[in-house]
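**Student:** Put chain H on the given structure of chain Z with help from the hints.
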Amino acid sequence: MSNKSTPTERRIILKNADDPNYSNKISCYLREGGYAMLKKSFKMKPEEIGAEVLKSGVRGRGGAGFPAGMKWKFLDRKSGKPIYLICNADESEPGTFKDRQIIHKDPHQLIEGMMIAAYAIQAKQAFIYIRAEFFEGARILESAIDEAKAKGFCGDKILGSDFSCDLVVHRGAGAYICGEETGLIESLEGKRPNPRIKPPYFPAVLGLYQCPTIVNNVETLCNVKHIMEIGGDEFAKIGKPNNTGTRIWCVSGHVKKPGYYEFECGALTMGEMIYDVCGGLLPGRSLQAVIPGGSSSKILRADERFSGKLKDGTDFDWGVEDIPLDFDGPMAAGTMSGSGGIIVMDDTVDMVEAMANINAFYAHESCGQCTPCREGSLWMRKITQRMCDGGAREEDADLLLSVANQIEGRTICAFGEAAAWPTQSFIAKFRDRFEDKVKNPERKKSSLQLI
Amino acid sequence: MISKKNSKVVPIVLDGKEVEVPEGMNLVDAAALHGKEIPHYCYHPQLSVAGNCRMCLIEMGTPMRNRETGEAILDDDGSPRIGWVPKPVIGCATNVSPGMHVKTESEKVLGCREGVMEFLLVNHPLDCPICDQAGECRLQEFATDYGRGYSRFVERKNVKPKRTRLGPRVTLDDERCILCSRCIRFCQEVPKDDVLGFVDRGSFSTLTCFPGRELDNNYSLNTVDLCPVGALTSTDFRFKMRVWFLKDADSICPESSAGCNTTVSSREGELYRITPRRNDLVNDSWMPDSGRELYKSVKSNNRILSSRIDQNPCTADEAIIESIRLLEGKKIGIVGSCKSSLEEQFLLNQISLKTNAVNFIRGHFEEDDGILLSADRTPNLRGALISGFTQNYPKDNLVSLSQALDQNQLDVLLVIDEDLEAAQVDIANLEGVPIVFIGTHTNSTSNRASVVLPSLTTFEKSGTFVNRSFYAQVFRQAVPGPAGVLPDLSLLSRLHNGLTEDEEISPDQNSVWKVMNNVSGSVLKEISLTDVRKDAVLLDSSKWSDLPFVESKALHFEPATKVEA
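For the record, the sequence lines run as chains Z and H.
For the first sequence, my numbering assigns the number 1 to the initial residue and increments by one for each residue that follows.
For the second sequence, my numbering assigns the number 452 to the initial residue and increments by one for each residue that follows.
This is chain Z alone, in the form it adopts within the complex (with noise of 0.2 Å):
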């Protein structure tokens, strides 16, 4: 698919987001057809909606890549209980800074694509929950809302039909699990965010206030907008098969120009972003790794190879930089493209000291209620500030994985994963810079402060 030109974007979500010509205001977004698929959707029926996202085969955007036309079938209608539909703006992924990007330069779309959904789920209330941090997001938000509500886009009899929608901007309390559906859903009933325990509380039977509850990232809620624009079989054309639409990559680190892009999935390979899109790595510097969909993936290393047979039957032999960047080429490299956040870490990097880094996030981050992620996310806090303080140990590396490998599968929420597998892939790729550690234990002049 790709090819040795430099790969072009392909703007679908940020279309209108970089021209200087355009604004977050409701005049922009209807000056360029805004609203018009609200209008086509209430024409439809609601399941009508939801078979289209269904055949569009999006997965969700928020970093699992669940199919949200599946998530959306798994709602119980029948309970006669009241339906939620919540955005989930809470981006906290580090490395991921694609939804602000939505939010700030095309909120309407947001709008537009959430009154589709909840008139798809025939939710009566619709949810932002944005993290605390985003506080321009927010203002903006609510100003948007409310030229929406003005215009009948949104509130109360949307378009003069009988259905009326509420959408409330909730801000968070500053937590990365609030990120996390179920505690998303605690947070916003005025809770402490602790991860509900599935089974039983699928969200989708038992959400908010007991309430079957559909909770979607602020990209997979604009692609309903695209999708009922080109309809479901059309959507599921751009990009690849079990891959469709596009994508947001968000790329930090060592590279000329980080930034994010919109591209097709699977449209271009690990390197071409790092060496075509984003300028490539700074003056003589070479590659050392690459953590390729936010701190909770697994990192990769520059020089390694990953072979295999892909789920369609070919077989691949690819390097880091041949790697595809969709869903599935991350996750065929043992990894995932998680939330789109690219890493890119060149051989400055002291990498004991990354880990410490990501550790000191995890350990700060975990609610603190179920135990392994508790304990173990800041023993390896713990561990790892040690080593780089001079205090390593031979066994640390060892003991780092265990730990490691007794959080991951025995929490609530994934988010015992998120914590585990950085750990655990540092020490499978990068287990000679845990022991050189003990050898050469002082710190380089050049390295920052630790977090």
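Hints are not guaranteed to be accurate.
Stated by the list, open to error - Stretch-level coverage of chain H by chain Z, calculated; a stretch enters the list once three of its residues show a Cβ under 8 Å from a Cβ in chain Z: (1) 537-548; (2) 566-577; (3) 618-629.
As the list claims (entries may be wrong) - Cut-off 20 Å, straight-line C-alpha distance, at most; resulting in silico cross-link-like pairs (DMTMM-like, lysine to aspartate or glutamate): (4) H/Lys559 x Z/Glu408; (5) Z/Lys191 x H/Asp651; (6) H/Lys538 x Z/Asp389; (7) Z/Lys73 x H/Glu519; (8) Z/Lys191 x H/Asp644; (9) Z/Lys45 x Z/Asp76; (10) H/Lys608 x Z/Asp389; (11) Z/Lys81 x H/Asp645; (12) Z/Lys191 x H/Glu519.
To be verified - Pulled a few chain Z residues facing chain H out of the computed Cβ check, cut under 7 Å: (13) Arg11; (14) Phe42; (15) Met44; (16) Ala363; (17) Ser366; (18) Glu375; (19) Trp379; (20) Gly409.
Source of the hints: derived by calculation from the structure; they are not laboratory data.
We put the beta carbon where it would ideally sit given N, CA and C, even for glycine.
**Tutor:** Chain H alone, transformed into the frame defined by chain Z:
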């Protein structure tokens, strides 16, 4: 939430063995039914499921079915193929389903337990030598049973508050807390007093009271019992006694007609604490704080420790002889007590019947808390009905006694424990009426009594109480009574045998029960003491369904609906 009795059973395969368990039961309870322990901290059968300690991780699988046809997929040998869930699941939140396979002893499961145990201990102070929980601590028990036995932790432990006053009766050591949230859920769900919560996050999470509030509800000490570790401690019991020195006796709380099942703990005849004992029909696993204080009455200053005639100390024999002399051949008024055991009330009534005495009894009524402190603040009002001591529902006073005295109907009074003055008996009417008083503590009546016979508290004797739901329950002696003080049954039996020509009644529970069983028309006819000793026995209460019982709806208690006339 609270496990309901369910007669339907489903087959599951527990560690390779096919067993039957009640439908819908969770795996922790189901495995326990078949002698398999699934260790757990946060799970409590009478609280909502939190699933946060992760100690009860097990392997679980269900028979695979063909998606299209719904038929079971079979292995080559014809047995159903099991789809094992790839990750371990928590037993407390997994309910049994037919054909479910469960592994509680696999290598993976043991690994999970080792891991969780290690995590629970990394920031735990391990101060067992100075910890009150030592000896009854789940951390100690499970660390021994399921832990690795060594530590790999070389970092600094977290520091948290060591002695926080959560309320007047509960002291918290946050460092020992394993954040299982049992106490929080208890406060929300049982006394409905939501005052506890966690602050801070991750491993620094700390249990605390909401600002400006304290844990002062009358059930606060249940959090101490619930706490699987030494974090929540009873301010009263703290540092008083090592629990392995304590001798436990099954008892019934005499505080109210709720009849909470309790464990009374003592060492060398000294009482140290009262804790609730689980009974899913009566009190679940709870009891009011106020009931736990009652052991202090045993050593209180106003305890009657010796027999007296005209307020002068004498021997028990002398006092009994004097009592018989005062009572014999007279018109006796007997004031019974709803605090006496069923056996004592029965024996007292035998005396009454054979001496043609007139019975009086008062109720002690206060506000009902709708949980386990009922409006009737005596343990055995229903015993007074069943023993035949009274046919009528007692009033909150003894005005009828006062009237009988006023009309000179009575020559002498035999009073059990009651304070006549406090029960609105006109003192003027008591002039010239000798009183034989049997009781544990002094009051205005014992002070004016001609004969005082000391008796024993609930903790010093055995007997039967009938609670508000008409459950007959036995309590057992926890400590010996004061030297020279005879048990109530002995006193009553000697009075009985001295005052009547009838067959003597031996002063032991068994003998009294045999006589009680023989009373025609008694609800105790088919019930033996052995039955009641085994478990609470529900008595037929239909005879009394028209009485105006004061208790309101509460935990495991529905007021009887009046039969329409």
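**Student:** Could you tell me which of the hints above the structure violates, numbers in ascending order?
**Tutor:** 3, 6, 11, 12, 13, 14 and 15
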